[in-house]
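The lines below spell out each chain.
Protein chains: 2
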Amino acid sequence: MSEGSTFGSLKHLLVGRPIPSHLAHHERLSKTTGLAILSSDALSSVAYATEEIVRTLMLAGAAALTVATPVGIVISGLLLIVAFSYRQTIHAYPSGGGAYIVAKENIGPTAGLIAAAALLIDYVMTVAVSIAAGVAAVVSAFPQWHVNRTEMGLACIVLIAIGNLRGIRESGRIFSIPTYFFLASLLALLGAGAWRAVTGAIVPVVPGGSPTPSGVTALSTFLILRAFANGCTAMTGVEAVSNGVPAFKPPEEKNAADTLLIMAGLCVTLFMGVTLLAGAYRVVPLVESAPGYETVVSQLARGVFGGRGALYYAVQAATTLILILAANTAFADFPRLSSIIARDRYLPRQFMNQGDRLAFSNGILVLSLLAGILLVVFQGDTHALIPLYMIGVFVSFTLSQAGMVRKWRREGGEGWLTSALFNLVGAVATALVLVVVAVTKFAEGAWIILFLIPLLVLWFRSVHRHYERVGEQLSLRGWRPEERNHNTVVVPISGVHRAVVQALQYAKMLSPDVRAVYVDVDPKVTANVRREWERWGEGVPLVVLQSAYRSLMEPLLEYIEQVDAERPDDFVTIVLPEFVPARWWHHLLHNQRALLIKGALLFKPNTVVTSVPFHLRK
Amino acid sequence: MSEGSTFGSLKHLLVGRPIPSHLAHHERLSKTTGLAILSSDALSSVAYATEEIVRTLMLAGAAALTVATPVGIVISGLLLIVAFSYRQTIHAYPSGGGAYIVAKENIGPTAGLIAAAALLIDYVMTVAVSIAAGVAAVVSAFPQWHVNRTEMGLACIVLIAIGNLRGIRESGRIFSIPTYFFLASLLALLGAGAWRAVTGAIVPVVPGGSPTPSGVTALSTFLILRAFANGCTAMTGVEAVSNGVPAFKPPEEKNAADTLLIMAGLCVTLFMGVTLLAGAYRVVPLVESAPGYETVVSQLARGVFGGRGALYYAVQAATTLILILAANTAFADFPRLSSIIARDRYLPRQFMNQGDRLAFSNGILVLSLLAGILLVVFQGDTHALIPLYMIGVFVSFTLSQAGMVRKWRREGGEGWLTSALFNLVGAVATALVLVVVAVTKFAEGAWIILFLIPLLVLWFRSVHRHYERVGEQLSLRGWRPEERNHNTVVVPISGVHRAVVQALQYAKMLSPDVRAVYVDVDPKVTANVRREWERWGEGVPLVVLQSAYRSLMEPLLEYIEQVDAERPDDFVTIVLPEFVPARWWHHLLHNQRALLIKGALLFKPNTVVTSVPFHLRK
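If you read the sequences in order, they're chains A and B. Mapping the first sequence onto the numbering used here, position 131 (from 1) lands on 131, and the numbers just tick up by one. Mapping the second sequence onto the numbering used here, position 207 (from 1) lands on 825, and the numbers just tick up by one.
The shape of chain A in the complex, shown without the other chains:
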């Protein structure tokens, strides 16, 4: 009893209390809470999307910043196209249509695996980028913490991971607060900023840190495309609603579709608002790794609210919170997707949800570790991480939309052509963005992901092949078990004491054929063992082996070979007394002979090594 609860308590401490099956489907989402929970990833990208555009354009000098507005308009248009495209997915997959499932079902297993690889990378990048951007928002408000950016980011990841391991995921309602807080602060910022612009009271923002190098290159088409590619980060997270359809209150499809469009509208409003105001207030992006760094949103808020007052801090706090929330969504998505992929046997079964939360814990740990490594390698620099982010996102967008086109064509039905057309436009648009991103951001890090996706796909396949082979080897079809009637039990002893006697008692219960084995190193000691054996040997015959080389292992292994040769197809069991010490460090004071013997016999068929625990009390 106590053992069971010790194990239980430990696990509960780590992963939280288990959920009784009948409560597994927690309360459904209204549009209000659905928006809050599913849109944090999409909305939070407003915190860095504008900055990425102007940072690139600045390379051609301050005059080039006028191009930011048309670039922003194109991106907003694309965002709406993608949103309408995903609206089709909601109706086609009311049970939740992730890119993996849509691509697998409609294009083929390889497309599914590519989408799976892209999505897993996407989730890792969501965590890394959102945390880096969240830390940037904090550092903008408190410049003295700039040196500790990486540490702060890692601390955030650890806290989110612990929260998720313990299961905060279950209490969804508190997640509404950051989203609406962010919406309110940003709309207040845009409103006040627009009012000042209209009344002509704009004072250009004076940057506090090192501005991005300016005018080092000409304003080429390539540069504009790079700015566009960077700005497309605004589109990340749009797919979230279509994955979460079954979580909505009925009518699920309608509620989800409405929520998606509201979210897209809000994204476009915030993104365009920030982009326009950043131009109006002549905000200049700063070098993120240099002290005094401040995000574009922070500079804008400082300019609009006339310095670092309560409203300014509200915007920064809200931005930080929604970015942390965005990172948090990946902590639910990554384990869920891993579990689905593992169920299809393309990932190790440790990720497969087989009842309790252990599988999700594995996913959470892997995600935290990878995101943490990225933060350290890129020193918590949002800008440096963005090129890695985009590839995964747009690969999965493209495959998902393309899959939908094939689905409509195959299934037909009323109005299939309109639906297919929406998705086709979405697929082509996202494919174009993917190409633009891959070309313009290749050298900045996109190559890593372009290299990693096929590598992951190959690994998925090799895992799958392994499980298939194991399945064949375990299959009962056409198999006849061998007849096995005999179990020879060998008890190696190093002396005569209570643990040995207990092991003998146990061995005698396993089989009528038990033999104790002792290796003779010193004839005097051996004579003593023989004498003791008469009294304590439990009637078991004692075999004494000679050791020409004073080795204990080799004569024993040779003897086991002989015993095995007597009846090659039957079982041989080696029974070893094993000390269970009272304190863990006492393990270091005992020979690990049992382990050595087990290691030596691991690959020997029909041979079982059993340890009979002997519990030391002090």
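Since the hints were derived computationally from the structure, they do not count as laboratory data. One or more hints might be untrue.
[Claimed, not checked] Derived list of chain A stretches under chain B, where covered just means 3 residues or more per stretch with a C-beta under 8 Å from a C-beta of chain B:
1. 458–467
2. 487–501
3. 506–518
[As the list claims (entries may be wrong)] List of simulated lysine-lysine pairs, DSS-like, C-alpha gap at most 30 Å:
4. B/K1216 - B/K1126
5. B/K1216 - B/K1236
6. B/K1236 - A/K598
7. B/K867 - A/K524
8. A/K31 - A/K249
9. A/K598 - B/K1216
10. A/K508 - A/K598
11. A/K618 - B/K1216
Even glycine gets a Cβ: it sits at the ideal position worked out from N, Cα and C.
Assemble chain B onto chain A, guided by the hints.
Chain B in isolation, oriented as in the chain A frame:
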């Protein structure tokens, strides 16, 4: 068969071929080979002892160097006293009298343990200091390698460790070469140097590196005592012959005693010769960590032989070789002493020689690791390591001599008073040196060892206490084994496949009371398992457990509790099928549920967990 030899080959590759018992006592040593093998530690200290004296005196300016000669004479006198004292030990302990045994038998167990701690530390320091000094000799000849001192030292330790793991220790004769090579080169150096001095052809050596700070302090008694303490490194290694008496050809005692005196004479000759010549050639010690560093011996050889010619390189090569040989002796001594201490149950039994060489391998690995850490921490600086070296050496000297005094007094016999007097003088002399070293070198690192020795003694005792308690708990005296007649076998299954059927076959052989257990997570799957069970269940009853929390572990552990409660004193065996994959990384693709179950049941009495291996072929 193949398994046995795989294990054997691996071990042989690592630790060398086993020695048949009848060859264990290899050929005895003549005085010539005995001197070569047992004196490397003592002779090699000539390489750094003089340097340590003049380095300290230089602090009071070049004029203070005249004090080096009287200091050297006092040390030489002490060396002879200690040698004569150890000559008594040879006659009293013809089977080899190390400080541990002498102190334990004649003073008491605590004195023995203090000596043991001091000796183990001494061996570690011998390796660190000798290697550092050997590297210093190399670097003196090839100044461009100065930056790689630590790496070179570590490489040496690794090579010596591998050599000893593979058993080069056995072929003693090649060890004569470095010793006699060193003797010949040094005597040539001293002869040539003396000839030049007599003929008045001395040209003072011009140092190539940064000289030690000079004239920063007055020539106080304390400074002279510090110089003396440093010079006493010349005495390290004198005890080696008295430990090795039984290795000599008969008459063992006489041969050993003669060898000891020859060695002491050579030590004094070389040490005084180098000290006198260093003064005559006005050699100034350099800063070891600064580029261009050159040892005193190297500068002297350069001065005497008029530059870096063949004779100069011979001296440097011989010095390096004998220092490596000195380090190598510790690789035989440390495991041997650990084995003796472990036999007395004051060290973990992994160090106890129980037949083959595995115990010695553990000692070699621990020694290499500790010496390597010291080299890294002290950046391979001989001078920085010396203060740590001396304490261990002189603690064991003092305890060993004091033990001898008590032995003579207790045993009496003819001429006991003379013998006791020799040892008393030795004990008092070494005790005085110990005090001088402890006081003058305390702040430079001696405190570490003064702190470490009692700590080690406490640890020895706690290890001993543990083994005593285990012994009590294992003792058969007055013990009656409980009657145990029943073994309930539980086979947890996760499905029906070949590995499960094989585990069932095995379980049925262990006991007539076998129960298979399945945890129901999905009723459809469970129904399928029940259906398959009828055909493949081997007639074993299937128990299906409900899981309120979708956990697989908890219902199983609760069921095992129930089974145990049926017959609390009898055995319960859990039989698990265990996959043995074809490739090691396949392990990562399988649940470690067997491990989890074993971990959860580890502390449960009378419960045995058995894995029946199922071998995957691909």
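Here is how each hint holds up against the structure:
1. 458–467: Three-residue rule met by the region 458–467 of chain A, so holds; n is 3.
2. 487–501: That given contact holds, which follows from 6 residues of the region 487–501 of chain A lying within Cβ reach (below 8 Å) of chain B.
3. 506–518: holds (count 4)
4. B/K1216 - B/K1126: holds (21 Å)
5. B/K1216 - B/K1236: Status holds; Cα separation ~27 Å.
6. B/K1236 - A/K598: Cα-Cα ~22 Å, so holds.
7. B/K867 - A/K524: holds (28 Å)
8. A/K31 - A/K249: holds (8 Å)
9. A/K598 - B/K1216: holds (15 Å)
10. A/K508 - A/K598: Distance ~21 Å between A/K508 and A/K598 Cα, so the pair holds.
11. A/K618 - B/K1216: Holds, because 22 Å separates the two Cα atoms, which is no more than 30 Å.
When held up to the earlier numbered hints, the structure conflicts with none and fits them all.
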